[in-house]
Amino acid sequence: ASTAHADISDNEVRIGYLADMSGTYRDLAGPGGLTALEMAIADFGGSVNGSPIVVFSADDRNSADVGANTVREWIDQRNVDMVAGLVASSVTIAVTKVLEENNSLGLVSGSAASSVTNEHCTPNHIHWVYDTYPLANGTAKAVVEQGGDSWFLLTADYAFGHALEADVTSVVEASGGEIVGGVRHPFPTSDFSSYILQAQGSGAKIVGLANAGADTVNAITTASQFGLTQSGQQLAGLLIFLNDVHALGLEATQNLLLTTGWYWDMDDQAREWSERYFEKVGRMPTMVQAGIYSSTMHYLKAVEAAGTDDPEIVRAQMAEEPINDFFARNGRIREDGRMVHDMYLAQVKTPEESTGEWDLYEILSTIPAEEAYRPLSESQCKLVQN
Amino acid sequence: MSAPTISTGPVLETRGLTKEFRGFTAVDDVNLSVQEGHIHALIGPNGAGKTTVFNLLTKFLPPTRGEIMYRGKPITSLKSNQIARLGLVRSFQISAVFAHMTALENVRVALQRQLGTSFHFWKSEKSLDHLNERALALLEEVGLREYADTLTVEMPYGRKRALEVATTLALDPVMMLLDEPTQGMGAEDVDRIVALIKRVSAGRTVLMVEHNLSVVSRLCDQITVLARGAVLAEGDYQSVSNNPLVREAYMGSDAAEERASA
Amino acid sequence: MTDSHVLKAPSVVAKRQRRANLRRNAFYLALIALGLVAPFIAYPVFLMKILCFALFACAFNLLLGYAGLLSFGHAAFLATGGYTTGYLLASYPGLTPELGIIAGTLVATLLGVLFGVLSIRRQGIYFAMVTLALAQLMFFVFIQSPFTGGEDGLHGVPRGELFGFISLRSNMAMYYFVFTIFLFGYALIQRTVHSPFGQVLKAIRENEPRAISLGYNVDAYKLVAFVISAALAGLAGSTKTVVFQLASLTDAHWHMSGEVILMTLLGGVGTLLGPIMGAGLVVSLQHILSQSPLGNWVSVMLGLIFVVCVLSFRSGIVGELGAIYRKNFK
Amino acid sequence: MMTANAVATEPTARYQSREMLRVKDLHAFYGESHILHGVNFDVRQGELVTLLGRNGAGRSTTLKAMMNMVGRRTGSIVISGQETLSMKPHHIPRLGIGYCPEERGIFASLDVHENLLLPPTVSSGGMSLDEIYAMFPNLYERRKSQGTRLSGGEQQMLAMARILRTGARILLLDEITEGLAPVIVQKLGEVLMLLKARGMTIVLVEQNFRFAAPLADRHFVMDHGQIVEEISAVQLPTRREHLNSMLGV
Amino acid sequence: MTMIFGVPMAVFMGQLTLGLVNGAFYALLSLGLAVIFGLLKIVNFAHGAQYMLGAFAALLGFRYLGINYWLALVLVPLVIGGLGMLVERFLLRRIAHLDHLYGLLLTFGLALIFEGTLVNLFGVSGARYATPEILQGGLNLGFMFLPTYRAWVLVAALTMCLFTWFMIERTRLGAYLRAGTENSQLMQAFGVNVPLMITLTYGFGVGLAAFAGVLAAPLYPVSPTMGSSLLIVVFAVVVIGGMGSILGAILTGLGMGIIEGLTKVYYPEAANTVIFLVMILVLMLRPAGLFGKEA
Ligand SMILES: Nc1ncnc2c1ncn2[C@@H]1O[C@H](COP(=O)(O)OP(=O)(O)OP(=O)(O)O)[C@@H](O)[C@H]1O
Ligand SMILES: Nc1ncnc2c1ncn2[C@@H]1O[C@H](COP(=O)(O)OP(=O)(O)OP(=O)(O)O)[C@@H](O)[C@H]1O
Ligand SMILES: [Mg+2]
Ligand SMILES: [Mg+2]
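Residue numbers (our numbering), protein chains in the order written: chain A, 1 to 386; chain B, 1 to 262; chain C, 1 to 330; chain D, 1 to 249; chain E, 1 to 295.
Check each hint, because a few of them may be wrong.
Taking lysine to aspartate or glutamate and the EDC-like style, the derived pairs with C-alpha atoms no more than 16 Å apart in a straight line are [what the hints assert, rightly or not]:
#1 B/LYS79 with C/ASP219
#2 D/LYS144 with E/GLU133
#3 D/LYS187 with B/GLU36
#4 B/LYS79 with C/GLU208
Short derived list, chain E residues pointing at chain D, Cβ under 8 Å [claimed, not checked]:
#5 GLY66
#6 GLY142
#7 GLY191
#8 VAL192
Partial list, computed: chain A residues near chain E (C-beta under 10 Å) [said to hold, decoys possible]:
#9 THR24
#10 TYR25
#11 ASP27
#12 LEU197
#13 GLY201
#14 ALA214
#15 PHE226
#16 GLY227
#17 THR229
#18 GLY249
If you're looking for bench data, these hints aren't it; they were derived computationally from the structure.
As the structure is a prediction and not an experimental result, all values here were calculated from the model.
Where is the CB? At the ideal position from N, CA and C, for every residue including glycine.
Could you build the full structure based on these sequences and the hints that come with them?
Okay, structure coming up:
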């Protein structure tokens, strides 16, 4: 083994976990994500070819410069080989720039922005779990097909929201629906009553939420207070996660259509892992937390196979292997760094249907990996020739 | 609009000066005229409007109506600091010093202005040291030499007033407006200040508000009596103090005694 | 007249001052020496962060501590400097860093003039709030205008070559560049405080009406102080951007305006070294805590420390030390 | 104190009447600086005494010390039989003391009328508003305007007037004639006489000796934070020169 | 249907109504802040946190002690207000003699502590608090559907505001408070127990924040960060109204609610910013705010 040993820098595989540990995305990735990461390492055996696996973790406090600085220091001071986690898109984009400059490797699990593997793509990171494109696409298409052909969009007024808005608009129109109105609300907003009122005034069948996190949550709460659904309109959450639904409760979110990359209860494999996770954390895992496990595991296998932790080689090795685990189905890593895999259209259960605190989604259909994500033909990524 | 005036005429003149505070008229159509070189007293019962007149003359308050002329030129529209630059410098009724600076620094800040380097944030403080001599001299003049390096907060009230006068002098003003310079002073301080004012008034014009009649009688060439914001009487001490209106409104019966003691 | 302090002959005082000056100079030399060797001991990037914030805090302190003006909008200058420099360097590869920084500082200075003109006549808390409001407007501008990259921020700013031939890619080179900038800024403040201008500022702070009656146009003086402070804050921002190669909304957010107040108060308002200490302390804390197992408790820890400091080191670290010093040496 | 009331109105009774105030070996400090170095004096029921002295002698500080408004104090202050050195500041006035500070302390946030009504009554028998307004017509005129908008002198009147309402039986007055027009000063003289007649006990800090002389039963001369001389009204004519020299007149 | 400035009459009216509701909220919060600042000159940066604590207290009280909404509306302000008094008594009082900045710093620190702790205990995604039955559903105002609860908030908040205003501007106690904050030493020399008064006042201000918190619980997800986002807006309201002016805080609160509401229709992107624009304009024209007394 000693030969393989030689190629592992400082005889340790050093992984940095960077995520929002205390802010808005705490429940999406946060400490739970770190647990998932550690589970992966434990399951892998704690060492690669005899070189122990070491984890550093830090809170990026959703600040691009905190994130970037932390990673820069990890690389300068501690020769970290891989950075996992990475939630807020702004942080991710800043970090991946640092990774590229220092030729290191990042596995992005939390970020939503599809730009992470589009205009901001680098050869030094992989985007694992999901992005706005399939979320918008999946949901919007399905909704229009079910007859929701007139839309009113609530858009968070910043780059990310705008991108989401654009994605949805194109899909809705492509599938024969129309956007009858919309409003761009400041980010963040706590009181949505005024916007909901405008949505009600618009007479659209569907109110699409082109925002994220707390904004989405607040919007949905307010909508239910104003009896949006009673007055015959329907909400479409474009970027809503398990923890949001859990926090909002089924009363407010029932029947909401959404697209997800994974759901803890979607099959035995998923359940089996999730139970283990639940043991440790006391909450069911989000798709991001599951994705962190999955991506880390895939990384470690690649390091083992390649016998080195050299980023380029490992990156190549990872792309070699298709991904099929409890998390990803028909997964593969494209040259733009996007890990494409099957996505799922889900609907939030009604309180009646639900059998337990975490029994929240019903999976309606599967969106095949190759259709789900933005086709390379449309990519602006510098790594893609077209 | 400014009327022609002879150089020996009034330094400072007001025409129909009026100040109203929400309906209440504090200063009512006052025509004041201070002669060059005079020590001119503004007396009157409390609330007569004396301080307000000061505030108007130095533009700490905008007049409601009326005009202010300095050497025949209207200065009604100038700002406080511009007035000061013309050489009209005031003191305050409630003593005004720079509490956490030493007496020396207090005076020096005033001296510093003429240097014209006051905006030079790149120059060293030392560029001010050559002012110390002059500053100490001024302190000497008001008998505060030994307080030079004392923080002003720690000085007794009377001394603060003296320091204020010194600071005013530092500007070498054409005209000094002193609001109750002897207020709250012990007898010996009063005498010092009186002597001081006499001394420095040489070649200057002084307009002062004063309640201590012995001081007024000792110092002033001309007296204007305000009451309820309007001019009640004018003239030298004799004529004014004998004016029954004034006695009734201001001096009270023991004015005679006051004069005697003067 | 009597009290002991009154009888002190000026000469004695002067002598004491001279001794104090000597001691101060020695102290500064020691600090500079420390600054020079520091990067061999600690992680340069971390030190640079401290230096940038220290400069920022010093700039703020010039205003609060020496002009008695509490600005709650200084983030705007930090950010403006940062974004300008970042944008220029990113979009004009030819541009050398020092030029980029100068440009950033200039823009911040102009903004300072604008803010100053609008706010300087307001007193106390109202001044604080006007500056805050203006800063919030700037935040809005930053979030709306495309060149800042909005939420995502402005990334990939090249460090480039200083004067076109000294590469700053190495942290060491960068560090000494930043250290020089810091020393420049600090010296400027130091001098401003102990200048004729500084004297007038002090007078104004002590008793504004009196200063006016002495013929000083106080608003003008306040404005100058404000602009100097804004310029230096901008300088700090520009430098920071070059160091970290990115500019983000964090610098424009009002939390940043709050943070600089905390740094200054923590270190000691109106003391020349305080802000540096404060900045160092806050930055290190965030740094250490965010990497420790206590990661999630960063804000709680900071909170605790602020409370404790306010309760026990009232006049800031430096202030306290100063007090102890005076007790034992007078 | 009510009992004393009757007695006091009888002027001749004054000197036998009981002691209201005794200050023994009072030391006071402002932070580091030691201001009072063992002040000793006493005031009897219905008496009016003055504290004379040069600026900075420590007269105001003496009054402040009695109100527990200075930094640190040692010694003893007995007010109508009670040791007050250890009392909380807000308990002292309730012994029937009214204090009129040197710097007037008019409240900007209240109008003149509110300022007048502000001090809580400490015992019955205070003056009525009408009496007070009759005494100071300016105040009545300006009663609606903000306290600090008053003229310097008006503020002085207000500061004096408001404690007359509270029914305090002991008045500590610091430089009340400062900045007042002679007419008003005269008026105040009359007021003090009246108060004396009503059996009030008064400690008067004054610069204006001419004002104080005819009113006072005894004069205490302070210097460097100590009482250096006690002169009774009776001795005054003979001791005048001496006194003037001490006051530096 | 009829249009006003290019929006349907109905929507316009609706926005006005909602603006008023939010306004009532601002009013209540800025009132507490104004009381504390105006009277104690403490810039209470913990106000947002205390508001948040109010909401949390209601939530937890319900979860673990089964305390219902109405009881909470009474109890929580008392409890949190009491907590406030402790803070004043043992922390703020010790720095009362210092520059007000230190009060700001200390309360800011406290805010960090409260928030951070709750984040670690409950996360940030926020929990729901059920609207009491009686207040569920909504009223059809013809031009809009107004949730009953929001109507209730409007009523409750305004009542509380008026009560407070009366207490402070129209009672002797109020006069004591105002004077005590200006020159507490002299007030003590008049025989008023200023320290106690200050403690109670701070407690009251905090209580108001907590009250607002309970009112807010059913409206917004109860999360540790719910306060900090609001704090700065509320500050702005207080300033526009004129620091320390109780009436100013109330009226400005309502006014800003409406202005903000309309901005959300005509230029939603600026909804969070408009208040600062207003603030600048106001302070340009009236240096001490709309209702503030010029010093
Ligand atoms: N800013 C103000 N607002 C309202 N009224 C004012 C203001 N300033 C002064 N006054 C009123 O104007 C009148 C004149 O005030 P002023 O201070 O000029 O009196 P004065 O002659 O200086 O009296 P004194 O000798 O006691 O100082 C007073 O009745 C005072 O109450
Ligand atoms: N707050 C303070 N801090 C420090 N020293 C003080 C303070 N107030 C007064 N002093 C000092 O205490 C001494 C006595 O002051 P005090 O005010 O009692 O004098 P006074 O006899 O009342 O004379 P006057 O009031 O006319 O100045 C003075 O030397 C003064 O410098
Ligand atoms: Mg006056
Ligand atoms: Mg005194």
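Hint by hint, work out which the structure violates, then give me just those numbers in ascending order. Hint check: 2, 3, 5, 6 and 17 fail, others pass.
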